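Protein sequence lines correspond, in order, to chains R and S. Going by full-length UniProt numbering, the first sequence runs without a break in its numbering and finishes at 646. Going by full-length UniProt numbering, the second sequence runs without a break in its numbering and finishes at 835.
Hints are computed from structural coordinates only; laboratory data are not their basis. None of the hints are false.
With a Cα cut of at most 20 Å, we get these calculated PhoX-like pairs of lysine-lysine:
no., chain 1, residue 1, chain 2, residue 2
1, R, Lys-555, R, Lys-512
2, R, Lys-494, R, Lys-555
3, S, Lys-146, S, Lys-94
4, S, Lys-66, S, Lys-112
5, R, Lys-385, R, Lys-426
6, S, Lys-228, R, Lys-283
7, R, Lys-429, R, Lys-448
8, S, Lys-355, S, Lys-368
9, R, Lys-432, R, Lys-469
10, R, Lys-316, S, Lys-197
11, R, Lys-283, S, Lys-205
12, R, Lys-514, R, Lys-555
13, R, Lys-283, R, Lys-235
14, R, Lys-514, R, Lys-469
15, S, Lys-239, R, Lys-274
16, S, Lys-66, S, Lys-146
17, R, Lys-283, S, Lys-197
18, R, Lys-274, S, Lys-216
19, R, Lys-512, R, Lys-448
20, R, Lys-316, S, Lys-239
21, R, Lys-475, R, Lys-555
So the derived list for chain S, only partly shown, Cβ under 8 Å to chain R, looks like this:
no., residue
22, Arg-168
23, Asp-217
24, Asp-218
25, Arg-233
26, Asn-234
27, Asp-281
28, Ser-283
The model shown is predicted, which means the values in this text are computed figures rather than measured ones. For glycine and all other residues, C-beta sits at the position ideal for the given N, C-alpha and C.
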Amino acid sequence: MGEFKVHRVRFFDYMPSAIRAMVFSTRTERLALARADGALEIFNFSDNYFQEKVLPGHDGRAVEALCWVGPRLFSAGLNGEITEYDLENLRPRYTVEAYGGPIWTISVNSQGTLLAVGCEDGTVKMFEVLKERIQFQRNLDRQKGRIISLSWHPSGTLIAAGMMDMIRIFDAETGRATHRLLVDRGAGASKSKEVVVWSIAFLSDHTIISSDSAGKVQIWDGLNGTLIRTHLITKWDVLALSVSQDESSLVAGTSEGTVVQFQFISSTVDRLDKDWVRTRTFKNHSHDVRALAHTETAVVSGGMDTQLVVRPLLDKVEKNTRESAMRKVSFPHRSLVCCAKKAGLLLFQFPDHLELWRLGESDGYGKLGGSLPVKRGPEKLIQLKRKGEDHICCSALSPCGGWLAYSTVTSFRLYRLQNGSISICKVSKLPKDLLPAHQLCFSTNSSKLFASSSNSSVVVVALNELECKYLGTLKAKYGCRQPVHQLSASDNGKWLATANTDCEVHVYNLDKLKLHCTVPVYGSCPTAMAIHPTTSNLVVVHADQQIFEYSLVKKEYTEWSRRLQKQGLHSMWLERDTPITHVTFNPKNPAHIIVHDMFMFCIIDKSLHLLCVSLLEDHSLVVVERPLLDIVSQLPAPVRQKKFAT
Amino acid sequence: MVEHGDIRVVRRGGSKINFRQPVITNDSRLLLCASGHSVKVFSTSTEECVHELRGHTDLVTGVVVKPSNHLQAYSCSLDGTIRLWDFTDGILIKTYDIGYSIYSIHTSAFHKGVVFTVTSTISDKKSESFQLVAVHLPQSGDQLVKAPELSAVISDVSSNPGAIVFGRGGEYIASANGLHLEVFFFKKQKTYRFFLKKDTKTGGKNTFMCVAAHPKDDCIATGHEDGKIRLWRNFNHQKEYTYSTLHWHSNAVSSMCFTPEGTNLLSGGVESVLVQWRYNDVSQRDFLPRLGAAITHIAVSPDGALSCTSHSDNKITIIQGIKVSAVLQGLVTGESVETDLMVDPRSKALVLNGKPGHLQFYSLKRDKLLYNLDIVQQEYIHELGLQQFKVVKVAFDASGNWMATVEERKQKDAEQELNLKLWAFDEQTQSFVLNTTVADPHESRITAMCFCQAAASQTTMLISASEDGHFKAWQLRRLAPGEDDGPSCLCDFVGAYRGLVPHCCCFSADGSLLAVSFQEVVTVWSPASWELLATLSQPPKAIRNLCFGRLSCSKYLLGTTDDHLLCCWNLLTCSLEWSTSMDISLLLGDPLTENIAAFCCHAGSTDLFVFKPSEPRPVFSLKAVCSGKVTHAVFAPREEMLESCEESSQWLNHSQLYFLTQCMDLMTFTTKAEEEKLMASSKQLLIDDSVAMTPFYLLLGKHRKGESGAAASGESAGRPPLPQGSGAVKELLRTPAHVLPSTSFLCSMFVKSLLVSVGDARSVESKPAEEEMESEKEEEDSEGDMESSASRPERGSLARRSAEPAAPPLTKAQLRELRRVKKLDHSWLTGLLRS
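Just need the whole structure built from these sequences, with the hints factored in.
Structural data, given as structure tokens:
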């Protein structure tokens, strides 16, 4: 199978952004994650931790805190605004100015009726959650010093606020402060520095747990306002806290990159009185742990080193299963690279610019497995900066290399590239129906552009030298509201397949511009799909690693697909923790399907009945690599720690 | 071959005191520890051994204080018995016979009348596995009780007693073995098992090493191979158990212990640092560093005032608070005894490698370390793989005035560093003082070194043989107080033979001959003229050991070769007298008699033969002395000669043979009579319970008994009354001062005891004194040496012994004559006559 030439591309210096905040909704089993560049990501934990949605960032928006209110997502940031997001159209819905300076924290009561935000000027502001918007209700007693963290008592009558050097407990109804808990400063030289209560948790038994910049996790009696116990867990800051739903376990993230677990355990077997005891320590990060979430079965942590780590708690899951393996999400679950097959061009998508590269060439015939002499090195042709403050959401390059398109949440741009040269010009006249898109795709002959927009619809635009013409909108059946995240056109230009985050896969007939069929809905989200050039079979790979093949002609699953389902996939395949991000076919051998995920390539040979898993090469295959070490080397230096024997 | 049933191999003196966890009694005044075949009771304040509880016939494997009576203690042994002792008086109360070898013992206050022991499972012997067994001790008044009621509690436990612990008042027992932890709750009769993976991805090693249980909370601490400590909680759930990890140790945690209130956790390991963790705030810890050697056990007294740590160098450190208050040091036998066993002629102490870079002087008689002598005089750095100076050879001259040591350091690629140091005995400080250092005495490592053992002259000769193919003779001269200049050590002669490597060297008893073996050739030199007198050879293999015969056999030279041959050459004819095929690992001559001991390795175990070179039949032989090869042994002269008339045990009369087994246990041979004597002295403790048992009582009680016995038998046997007075004095002087009553109280009785039979006591006592004076005078006459007094009484007694049976009333003149005859060593003549 070694009949491929491989371009090993290592010039895509993609740099993910640090994780700033995260919040987990047990109701929807979804984790919302905010990055330092303002981008938001939604992970579906019930569907193999698949990154379902990505909301591109915005230059002026730095998200400091996130909050789920039922299915609605709110964020607050240092720009002093509260934003609600439209998760169907992947864009902010509206923004409310809090008028209290930068906002450090946001918290909702357990009833989901009131949002409290903590502001730089020392006020806690209450917002009423209405159906379509939020409305300012009132201020609690204004304090000196900023409010860093907030936590509601589950009853909704009390709220605890972490500040500089102290914790205040407010009566949520009267707005009066009922208790003032003074937090010790660090010992020694840091005695003169104010201590910051970075995070706070108010438990139903009126226990308050605080974490602060002196490295302490403190447990307070909220009724009497007394300190029960102090755990010194680091020399640096304890930045994040998260309590499990049943309030029996608690995790704290430190600047050293460790996550420390505390458990509520009775000291002897037959007694009932319990105590918070420090138990496990997880060290999965090299830098600050800024955000934490404690789900039922796992500890989710993220921080400056940009990785999202899901660490299962082994006492809550079955051992040696897929759930018990630790996961690290370091790259987005969608492709940021677009390859013009005919022209040998590569398009890299960054949040704020696009890069167009020409691949290197070689004329020699090297040994199998050896490296070929390079005749012409790779060349960076264009670096295209985006306009406006919104970050790039999606981009595409036509197979002939003549067209380039990208979209932000507010605008859509199409460029014409002169053949082989470096000139680029913007296509100014665009049809009005071409709205900002979630996903872009060119047809194989580069004559059509498909752009997915709201309500799972796809706009089809015909392109030629002179103009671009609106051909029509492909609409799924009524009621589809989720955004389309996968588009795939067939090589013969007849079919277009779309997949949305509701797990629906629609296939359209491009000749008639009509819905051809809908693939039966499978319970897991499609992560990659492609239409076979000769047999017109649609291959779909789902987040739970299942592979289906659907015949578009017969409108049914193929024989191979049925057999595969009957036989089941190998457990090694099922236990992989990164989703398949791309599917292509081997032009030389139509029975071969080539798939890849973050770590590996794989050929699925349909003529054989089992999966032959092997690293593979293709005669013009492009491998874009991004070693994790490069990312780590670009991170800022972590806090200094004394390591043993250094 | 003759088998001798009455000679046994025993541990006596120098046994390990760090074998098992020591126990501190409730009042923190005494410390009990298993030591060889007995249990030793030490005072925690004076470091003195108060009692030695003898009775077990095999290795003692555990000591615990009886939970229901804090003045009694159980001990268990491999001989299959549990013994109950009153340790304050040193009385054996009861013996429970279990019938199986016991590896450790555990008790808890929760279980009355039950002790828990670890025995090996009988089912299969190959892969030894152990089980924890509950033993119901029957209530009975008898001394020896059989305990038939055994019930298994946990199977597959570790034989290490530190891996089993009772938790919170004995409600549960935790046992760790290999990679799993097992907790058994007695009330619910339920077992919970927790498993760990062997290795973690980050290179941690999870094997359990030791366990400790919190006395108040349900928390078990386990120590692991990679130095982590895990605190287990919630272990009454199979799934929702949890643990936290503490990590300070860089190597395996070998022992842990909670303080009685549970406020602190003590842990220790190879780092020889005692770490004290606060239970409530594990980020705070205190250290007690530089304890000298790896910690093997930790124990805390029941009141929490004292803690003690056992160390791998056979030491127990008693710690008060976080300060060392006392050190009990036993004989250090590390992984290798490079210096071989030696006996200091002056103090009769055993000399061997002790602490790194030190020599230890250990008194076998008192079973006490006399002192450590720093030879290397450099700081020892505790780091793995570091090459440091090691003392590899030590030799004493006959009088004990000189000691020579060789230290070497093997650098990785650079050449060897060698130092020959000569130490002179200083009368004022009563220890050896460095006299001369010879840097690089040879070009390569020294293979053998010996002093001329002949009677001291002005100079002493030292021979050192080296791998560089030479042997050198060094002349040592003690400087007179006036002269400062001039070296005290001179290289007198450098000898070589055909460029071969010398391996052994040996002086004849009178110092007139030096034998040096060059591979398969033995060369005999005259030290006076440095003439090569003769060569003896026994090809094809190299000579391993060389030994001259003594006294009547001094015409013989014995040697062993690598191809298992024992050869005996006659030096008068320079021919092979006899040879026999034996795989002898060690050949050793008794310095006081003609006897030669040979340790012979045969089928995985070692046999001992004691023979005289002139006689074909061995004097004594014992098969399977111990398993493995014996490479270190020494004849230690006895202080008082044993009167044994049996032929087979006569060779033990003058000196005792000590040897080191492969697992570095010091063993010796004992006769039945000797054992009985020892037992009798300990049995005396049981005679009369009505009087308080004090050493003073013992002394006077014995005295009184002797008196009455003498009175009873005085007329009938006509035996002169024994010199009880001197015995009492001896006893008095030997008893530590701190246990004696006040002097004023003692004085009158003491004086009276001296007065009782004044005439007899004088006649007996004055005679040896006179003799000694005589001998001193005589030696002064002949040699004018003042310093060789240490060996003199020995020689005097020797002479006396040989004289006494023949004709007791010898005149002084006759005695002197006899001694001179003895000294001249006519063995040559007799040998000549015989041949």
